[in-house]
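Given the coordinates of chain A, assemble chain B onto it according to the supplied hints.
Taken in sequence, the protein lines are chains A and B.
Counting along the first sequence from 1, when you hit position 402 you're at 402 in my numbering, and nothing is skipped either side.
Whatever position you read off the second sequence (first residue = 1), add 453 for my numbering.
The hints are simulated quantities; they were obtained by calculation from the structure and are not laboratory data.
Among the hints, a few may not be true.
[Unchecked claim] For each label pair, taking beta carbons as the anchor points, the in silico distance ranges come out as:
{"no.": "1", "chain 1": "B", "residue 1": "L742", "chain 2": "A", "residue 2": "D247", "range": "31 to 39 angstroms"}
{"no.": "2", "chain 1": "A", "residue 1": "K167", "chain 2": "B", "residue 2": "K743", "range": "53 to 61 angstroms"}
{"no.": "3", "chain 1": "A", "residue 1": "S243", "chain 2": "B", "residue 2": "K743", "range": "19 to 27 angstroms"}
{"no.": "4", "chain 1": "B", "residue 1": "L742", "chain 2": "A", "residue 2": "N24", "range": "22 to 30 angstroms"}
{"no.": "5", "chain 1": "A", "residue 1": "I58", "chain 2": "B", "residue 2": "K743", "range": "26 to 34 angstroms"}
{"no.": "6", "chain 1": "A", "residue 1": "T399", "chain 2": "B", "residue 2": "K466", "range": "52 to 60 angstroms"}
{"no.": "7", "chain 1": "B", "residue 1": "K784", "chain 2": "A", "residue 2": "E8", "range": "58 to 66 angstroms"}
{"no.": "8", "chain 1": "B", "residue 1": "K593", "chain 2": "A", "residue 2": "G401", "range": "50 to 58 angstroms"}
{"no.": "9", "chain 1": "A", "residue 1": "E298", "chain 2": "B", "residue 2": "K848", "range": "49 to 57 angstroms"}
{"no.": "10", "chain 1": "A", "residue 1": "K311", "chain 2": "B", "residue 2": "L742", "range": "49 to 57 angstroms"}
{"no.": "11", "chain 1": "A", "residue 1": "E168", "chain 2": "B", "residue 2": "N786", "range": "52 to 60 angstroms"}
{"no.": "12", "chain 1": "B", "residue 1": "N733", "chain 2": "A", "residue 2": "K395", "range": "35 to 43 angstroms"}
{"no.": "13", "chain 1": "A", "residue 1": "N292", "chain 2": "B", "residue 2": "E750", "range": "53 to 61 angstroms"}
{"no.": "14", "chain 1": "B", "residue 1": "K813", "chain 2": "A", "residue 2": "E298", "range": "56 to 64 angstroms"}
All values reported here derive from a predicted model rather than from experimental measurement.
The beta-carbon is built from N, C-alpha and C at its ideal position, and this holds for glycine as well.
What follows is the residue order along each chain.
There are 2 protein chains.
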Amino acid sequence: MNLDELKEKFSVKELDEVKVFTENEEFIGTILPSTGKKALTIKMKSGYNIGILAESVIKIEKTGETEKKVFGNLPFSQKGGEGKKIMKIDGLPTISILNTGGTIASRVDYRTGAVSPAIEQEKLITNIPELMETANIETKMISEMFSEDMNFTHYKKIAEEIENEIKEKKPKGIILGHGTDTMHYTSAALSFMLEGINIPVILVGSQRSSDRGSSDAAMNLICATEFISKTDFVGVGICMHESSADDNCVILSGTKSRKMHSSRRDTFKPINDVPIARINFETRKIDYLKENYSKKEENKHLILKTEMEEKTALIKIHPNISSEEIEFYEKQNYKGIVLEGTGLGHAPVGSKGKNTEKNKKNLEAIKKLSEKAVVVMASQAFYGRINMNVYSTGKDLLTAGVIPAEDMTPETAFIKLAWLLGNYSEEETKRLIGKNLRGEITERSDIRGFETE
Amino acid sequence: MNLDELKEKFSVKELDEVKVFTENEEFIGTILPSTGKKALTIKMKSGYNIGILAESVIKIEKTGETEKKVFGNLPFSQKGGEGKKIMKIDGLPTISILNTGGTIASRVDYRTGAVSPAIEQEKLITNIPELMETANIETKMISEMFSEDMNFTHYKKIAEEIENEIKEKKPKGIILGHGTDTMHYTSAALSFMLEGINIPVILVGSQRSSDRGSSDAAMNLICATEFISKTDFVGVGICMHESSADDNCVILSGTKSRKMHSSRRDTFKPINDVPIARINFETRKIDYLKENYSKKEENKHLILKTEMEEKTALIKIHPNISSEEIEFYEKQNYKGIVLEGTGLGHAPVGSKGKNTEKNKKNLEAIKKLSEKAVVVMASQAFYGRINMNVYSTGKDLLTAGVIPAEDMTPETAFIKLAWLLGNYSEEETKRLIGKNLRGEITERSDIRGFETE
Chain A
1 MNLDELKEKF
11 SVKELDEVKV
21 FTENEEFIGT
31 ILPSTGKKAL
41 TIKMKSGYNI
51 GILAESVIKI
61 EKTGETEKKV
71 FGNLPFSQKG
81 GEGKKIMKID
91 GLPTISILNT
101 GGTIASRVDY
111 RTGAVSPAIE
121 QEKLITNIPE
131 LMETANIETK
141 MISEMFSEDM
151 NFTHYKKIAE
161 EIENEIKEKK
171 PKGIILGHGT
181 DTMHYTSAAL
191 SFMLEGINIP
201 VILVGSQRSS
211 DRGSSDAAMN
221 LICATEFISK
231 TDFVGVGICM
241 HESSADDNCV
251 ILSGTKSRKM
261 HSSRRDTFKP
271 INDVPIARIN
281 FETRKIDYLK
291 ENYSKKEENK
301 HLILKTEMEE
311 KTALIKIHPN
321 ISSEEIEFYE
331 KQNYKGIVLE
341 GTGLGHAPVG
351 SKGKNTEKNK
361 KNLEAIKKLS
371 EKAVVVMASQ
381 AFYGRINMNV
391 YSTGKDLLTA
401 GVIPAEDMTP
411 ETAFIKLAWL
421 LGNYSEEETK
431 RLIGKNLRGE
441 ITERSDIRGF
451 ETE
Chain B
454 MNLDELKEKF
464 SVKELDEVKV
474 FTENEEFIGT
484 ILPSTGKKAL
494 TIKMKSGYNI
504 GILAESVIKI
514 EKTGETEKKV
524 FGNLPFSQKG
534 GEGKKIMKID
544 GLPTISILNT
554 GGTIASRVDY
564 RTGAVSPAIE
574 QEKLITNIPE
584 LMETANIETK
594 MISEMFSEDM
604 NFTHYKKIAE
614 EIENEIKEKK
624 PKGIILGHGT
634 DTMHYTSAAL
644 SFMLEGINIP
654 VILVGSQRSS
664 DRGSSDAAMN
674 LICATEFISK
684 TDFVGVGICM
694 HESSADDNCV
704 ILSGTKSRKM
714 HSSRRDTFKP
724 INDVPIARIN
734 FETRKIDYLK
744 ENYSKKEENK
754 HLILKTEMEE
764 KTALIKIHPN
774 ISSEEIEFYE
784 KQNYKGIVLE
794 GTGLGHAPVG
804 SKGKNTEKNK
814 KNLEAIKKLS
824 EKAVVVMASQ
834 AFYGRINMNV
844 YSTGKDLLTA
854 GVIPAEDMTP
864 ETAFIKLAWL
874 LGNYSEEETK
884 RLIGKNLRGE
894 ITERSDIRGF
904 ETE
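Extracted from the complex, chain A is given alone in its bound form:
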């Protein structure tokens, strides 16, 4: 039995509240619009959707109907905000939503099943009346692209758009709609580029497109709007779900976060850091605010520094890596390299003199590279800090000229290195890469003592 036949048999339709019985299990939830013909999609209380194969369904009981209202986790109407206008209310702060594309501004192409960045900006906003109750929303579509396609030139364009928006509209804060794939690279780039920024710039993405039943777009946008309205935070942050349920959003640091799951809504996690804030979606209250977050200051002004060195690379170290792979970057005159090493900051360089010719060549290649370029070591373990003074491997690499990235993520180290090389001398870059500029490095706490584990 296909899905249409199933719905007809049990007289149920989209948005009906139902109990669905299969041979071994029972699901309680709301029927959502389906994109295919094989599976019945149910939104469960947990906030998650489940697809149940139509052929495995034995019985469906209708228990009620959900009103088709616009809500953080119910679908946008396919017709969306047509006819509605973006309202302005005196006395509310202005918040600008700049959209770059990504899932948050996407819709499903029901012909191919694929998602394209094509939803109209106005529709995205008017579909969420909550936004207009909290702030006067200005919107602008600055690009229509997936975040995986972004490169340094796009970061520069976004930073310039932000500066223009601040000059023209004087918003209390800016929300940047962005794909999630590389959101942490962009947030790091903007953190460095927007020196002295005195308003919040919050990147918001979603893991399900805005016209899908399970979209997290509305809730993330509402939480970011509430956060900007209700706090004096300034700087670059990310606003996404805290858990897979639709209960809270968190604001995470623009320089100390990572996408840690390919599909879950709570994919962004702080790395070697705590969240900046938690927003309760039901009460719209700021539940938690980090101590010593960066606050609005008098006489602080934005200085754009948008140059990035194109010849910067990120190499993942792994067993059996060959010296030719490293030499390539020296031959191509790269100016900066982040090695994503193992553990405390290691690479196969044949320390102790007991190892293979292959590994010794790697050490030679890294030495030669660091004579021409700035070579930085981050860890593929992600959590914890680089410490190249513990093992002889680390010491050999330090001697070869490699600079520890402290507790920066490899992604932030890569962006920071390209940015430093774009705006400072090589000498200055070497001095600044291990210094904390935008919260990207946690200082060791020397006074209280340190955890040796």
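What follows is chain B alone, placed relative to chain A:
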């Protein structure tokens, strides 16, 4: 005041139980041997050690003395097991400990402060009498190297040593002492190489060298010995701390684990999987055992397959990556490439035709590469599954010939690809890379329904 002066002033020495007062805080624990002169190292109840700067200490109160016995988290005596012999008791199972080096077999060089792989194998064992009470221990030092120096030839050597040990000593199981940096790469390689293995092979590492106060070596070795003695598990696993406290160890899958912290003892985490078992260190009981773990079978025999294709690479995708970096691998005639992509399995390939020349060149380079090599996509998000049917970027990459790694870690995908290419045809490699061979891929559960999130 330096450390020696401090100890003299308050009449305390190593292994004394103490209360240490600084201006704002109070620490309770046991004084551990220190490697420097500046910090007093205290083992706290939590199992963690803390270094307290000598100059910040106001007062130390002695509350007792810890007996200097050999124990999971107390230091080996510098003189270790000298004079002791490895005992054999009738009726106990035989367990072979093969050691490759790494921190677990290391000692601190107190002159330089660095750690070298140099502790004697016999000393390592006789220092832990618990091992000899549970099993008759055979030991062999097969190398003295850091795991970051291991490459494919070392995996082959280890696999051959394991086969020899099985033939000669017929052990109930094998413990492989190994550095933690690349332990998950080695465990994956052995999982594939040791086809049909009918005993457990448990990799054990430590995050602190065996002669240090805070070493986790003894506890991890004891737990691995208990696990091998008390269960009928067969296959390759990893045994390390479950949390930073010294309460439990976990056995993790050899193909679905990762080092996730540069220094914590509970650094290894299951990725898209649950642990195989939990061993309570106090009771020595197996607290938890996964359903459907691989068990000993009649008539199952080890077939060594140790070839690995040298021309295999692992490339981390990132914003601004250039097509030249990808073309290098095609020009060098690489046979296999794992792309560690973003999100669901993406790379900057300029989908939708709206993007830069730069990104289009990347797609061309990947197309050309996959005509000559097997190109596989894993995710730098680590958790979750590759799904290249959702976005046009993924679809374009599938069309270019890229094969999804499903929910494998990039590290396991890299090892598996090199192993497949070493032992099978290109055609077979393409067919097998996305199929589950050693628990490295979780099957989608099609029957119950699937989570669409």
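Structure-based check of all given hints:
Here the CB-CB span from L742 (chain B) to D247 (chain A) is close to 34 angstroms, well matched to the stated 31 to 39 angstroms. For the pair K167 (chain A) and K743 (chain B), the beta carbons lie near 59 angstroms from each other, so the given range of 53 to 61 angstroms is met. Here the CB-CB span from S243 (chain A) to K743 (chain B) is close to 25 angstroms, well matched to the stated 19 to 27 angstroms. A hinted range of 22 to 30 angstroms holds for the C-beta pair L742 (chain B) and N24 (chain A), which are about 24 angstroms apart.
The hinted window of 26 to 34 angstroms between I58 (chain A) and K743 (chain B) holds, with their beta carbons roughly 31 angstroms apart. For the pair T399 (chain A) and K466 (chain B), the supplied restraint of 52 to 60 angstroms is violated, since their beta-carbon distance comes to about 37 angstroms. Range check, K784 (chain B) to E8 (chain A): about 59 angstroms between beta-carbon atoms, so the 58 to 66 angstroms window is met. At roughly 38 angstroms, the beta-carbon separation of K593 (chain B) and G401 (chain A) lies outside the given 50 to 58 angstroms, and the hint is violated.
For E298 (chain A) and K848 (chain B), the hinted distance range of 49 to 57 angstroms is satisfied, since their beta carbons lie about 51 angstroms from each other. Between K311 (chain A) and L742 (chain B), the C-beta spacing of about 52 angstroms keeps the proposed range 49 to 57 angstroms intact. Between E168 (chain A) and N786 (chain B) the beta carbon distance is about 54 angstroms. The supplied range of 52 to 60 angstroms therefore holds. In this structure, N733 (chain B) and K395 (chain A) meet the distance hint of 35 to 43 angstroms, their C-beta atoms being roughly 38 angstroms apart.
The hinted range of 53 to 61 angstroms is satisfied by N292 (chain A) and E750 (chain B), whose Cβ atoms lie roughly 59 angstroms apart. At about 48 angstroms, the CB distance of K813 (chain B) to E298 (chain A) disagrees with the hint of 56 to 64 angstroms.
Checked against the numbered hints above, the structure violates hints 6, 8 and 14; every other hint is satisfied.
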